[in-house]
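Work out the full structure: start from the sequences and follow the hints.
2 protein chains.
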Amino acid sequence: MTAFMHKGYGKTSMQDLKKATGLHPGSIYCAFDSKRGLLLAALGQYKKDRNSEFNDFFPGKAAVLTELKHYLDHIVQECLSCDASKACLLTKALNELADQDDEIQGIVTENLAGWQQSITMLFEQAKVKGELSTQRDSEHLARYFVMGVYGLRTFAQTHPKAHVLQQLADQLYHDVCYEPAPKIAEQVVN
Amino acid sequence: MTAFMHKGYGKTSMQDLKKATGLHPGSIYCAFDSKRGLLLAALGQYKKDRNSEFNDFFPGKAAVLTELKHYLDHIVQECLSCDASKACLLTKALNELADQDDEIQGIVTENLAGWQQSITMLFEQAKVKGELSTQRDSEHLARYFVMGVYGLRTFAQTHPKAHVLQQLADQLYHDVCYEPAPKIAEQVVN
DNA sequence: TCCTATCTTGAATGTTCGTTCAAGATAACC
DNA sequence: GGTTATCTTGAACGAACATTCAAGATAGGA
Numbered sequence: 001m002t003a004f005m006h007k008g009y010g011k012t013s014m015q016d017l018k019k020a021t022g023l024h025p026g027s028i029y030c031a032f033d034s035k036r037g038l039l040l041a042a043l044g045q046y047k048k049d050r051n052s053e054f055n056d057f058f059p060g061k062a063a064v065l066t067e068l069k070h071y072l073d074h075i076v077q078e079c080l081s082c083d084a085s086k087a088c089l090l091t092k093a094l095n096e097l098a099d100q101d102d103e104i105q106g107i108v109t110e111n112l113a114g115w116q117q118s119i120t121m122l123f124e125q126a127k128v129k130g131e132l133s134t135q136r137d138s139e140h141l142a143r144y145f146v147m148g149v150y151g152l153r154t155f156a157q158t159h160p161k162a163h164v165l166q167q168l169a170d171q172l173y174h175d176v177c178y179e180p181a182p183k184i185a186e187q188v189v190n
Numbered sequence: 001m002t003a004f005m006h007k008g009y010g011k012t013s014m015q016d017l018k019k020a021t022g023l024h025p026g027s028i029y030c031a032f033d034s035k036r037g038l039l040l041a042a043l044g045q046y047k048k049d050r051n052s053e054f055n056d057f058f059p060g061k062a063a064v065l066t067e068l069k070h071y072l073d074h075i076v077q078e079c080l081s082c083d084a085s086k087a088c089l090l091t092k093a094l095n096e097l098a099d100q101d102d103e104i105q106g107i108v109t110e111n112l113a114g115w116q117q118s119i120t121m122l123f124e125q126a127k128v129k130g131e132l133s134t135q136r137d138s139e140h141l142a143r144y145f146v147m148g149v150y151g152l153r154t155f156a157q158t159h160p161k162a163h164v165l166q167q168l169a170d171q172l173y174h175d176v177c178y179e180p181a182p183k184i185a186e187q188v189v190n
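Protein sequence lines correspond, in order, to chains A and B. Heads up, the first sequence is in my numbering, so the first residue is 1 and it goes up one at a time. Heads up, the second sequence is in my numbering, so the first residue is 1 and it goes up one at a time.
Accuracy of the hints is not assured; some may be wrong.
Because identical chains share one entry, a pair is satisfied inside a single copy or across any pair of copies.
Here are the computed lysine-lysine pairs in the PhoX-like style, where the Cα-Cα straight-line distance is at most 25 angstroms [as the list claims (entries may be wrong)]:
1. 18 - 161
2. 7 - 127
3. 11 - 35
4. 127 - 86
5. 161 - 35
6. 35 - 7
7. 69 - 48
8. 48 - 19
9. 161 - 61
10. 35 - 69
11. 161 - 86
12. 19 - 61
Keep in mind that the hints were calculated from the coordinates and are not lab data. Being a predicted model, the structure only gives us computed values, none of them experimental.
Right, here's the structure in full:
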């Protein structure tokens, strides 16, 4: 997992994977069929790890939106750490393999959709708890939130200063959670 | 340029480049020193092309923010076309080569900073023309806008429906151009 | 027409890649 | 302790890669 995150799929050699796993080529091929099979397994593990981490951020002990803010701040810290093992394997694989491997693209897209769906449910919860206007569209908000996180992660790769990245995250959180529903008239201007 | 955009730098072979340029390996090495040199040249050409395209979108014949909306809608169309040659070579190179080639990362980061700077100047113009509150921070708005575009481009690779992507772009435009300055109290909650 | 300087060609090079497999090690069972 | 079944090893393989270079083509000047 971390090997693929550091160098990307294409540039990670069997020698790298040998070092990373402690297994010899024969064992890797026995267990995972191919380098690609190992990537699929890594994606599976990544999904499991991230799901678990996600749930830890939402124990329901504080306001949903407050927990969401902490979650977003955690992502900012990951970006700032400049540690490749804290990057998102899903977006990395998506950027590298889109339009080259339909099956992997499908798996990655499904995983990201699952993440987005979890966030949609958070907003639904927030509505029930009265933290969010029931007028807002939870699915749209979740899509906008994940789009913002994608943007944040890419922006972070240009090595901005910490407070700049945090400011962008704060703005994103504000736009998602505190913005009144936009007037239709403004949106249709073209 | 388009060859690198389709397969990424690493997966683009000399044979691909031979087909794409119509030159034989010897000529390519004579003119560009190496495959990496050809990428540098492609980045230079890309910058030139995109700068020219950018300027075409802002002739100053309409409101600055209206021209910006058209520009954003154009980006959405590029994303929806699913044509790899309409992707952003800069973000693609950034995602692939970050933390692997410092010089290229630097060049890409500079180019993206230049683009962001151009957008900052648009907001400054908009303030002068009275289209935008002088209270707003042009640099912050520009950063948020480019972050949104990064996010939009990544989101597009999960192949969402056209109206979903357009809705996200509309929201981004709204948040950047019509949002009142957020209250400090809301931003510092943590 | 010939000479020279520049450009083009594509086969050859050495390296590195993903992958395989037969030999060896280990463990489990009776 | 002997036999079998499973796992581990790492050398070896062909393919594909970026790169080189000597031979050939081209064009401009005299």
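Taking the hints in turn, this is what the structure says about them:
{"no.": "1", "hint": "18 - 161", "in the structure": "neither (36 angstroms within a copy, 41 angstroms between copies)"}
{"no.": "2", "hint": "7 - 127", "in the structure": "neither (41 angstroms within a copy, 44 angstroms between copies)"}
{"no.": "3", "hint": "11 - 35", "in the structure": "both (12 angstroms within a copy, 16 angstroms between copies)"}
{"no.": "4", "hint": "127 - 86", "in the structure": "neither (31 angstroms within a copy, 39 angstroms between copies)"}
{"no.": "5", "hint": "161 - 35", "in the structure": "neither (37 angstroms within a copy, 32 angstroms between copies)"}
{"no.": "6", "hint": "35 - 7", "in the structure": "both (14 angstroms within a copy, 19 angstroms between copies)"}
{"no.": "7", "hint": "69 - 48", "in the structure": "within (22 angstroms within a copy, 40 angstroms between copies)"}
{"no.": "8", "hint": "48 - 19", "in the structure": "within (23 angstroms within a copy, 43 angstroms between copies)"}
{"no.": "9", "hint": "161 - 61", "in the structure": "neither (32 angstroms within a copy, 36 angstroms between copies)"}
{"no.": "10", "hint": "35 - 69", "in the structure": "neither (37 angstroms within a copy, 44 angstroms between copies)"}
{"no.": "11", "hint": "161 - 86", "in the structure": "within (18 angstroms within a copy, 30 angstroms between copies)"}
{"no.": "12", "hint": "19 - 61", "in the structure": "neither (42 angstroms within a copy, 60 angstroms between copies)"}
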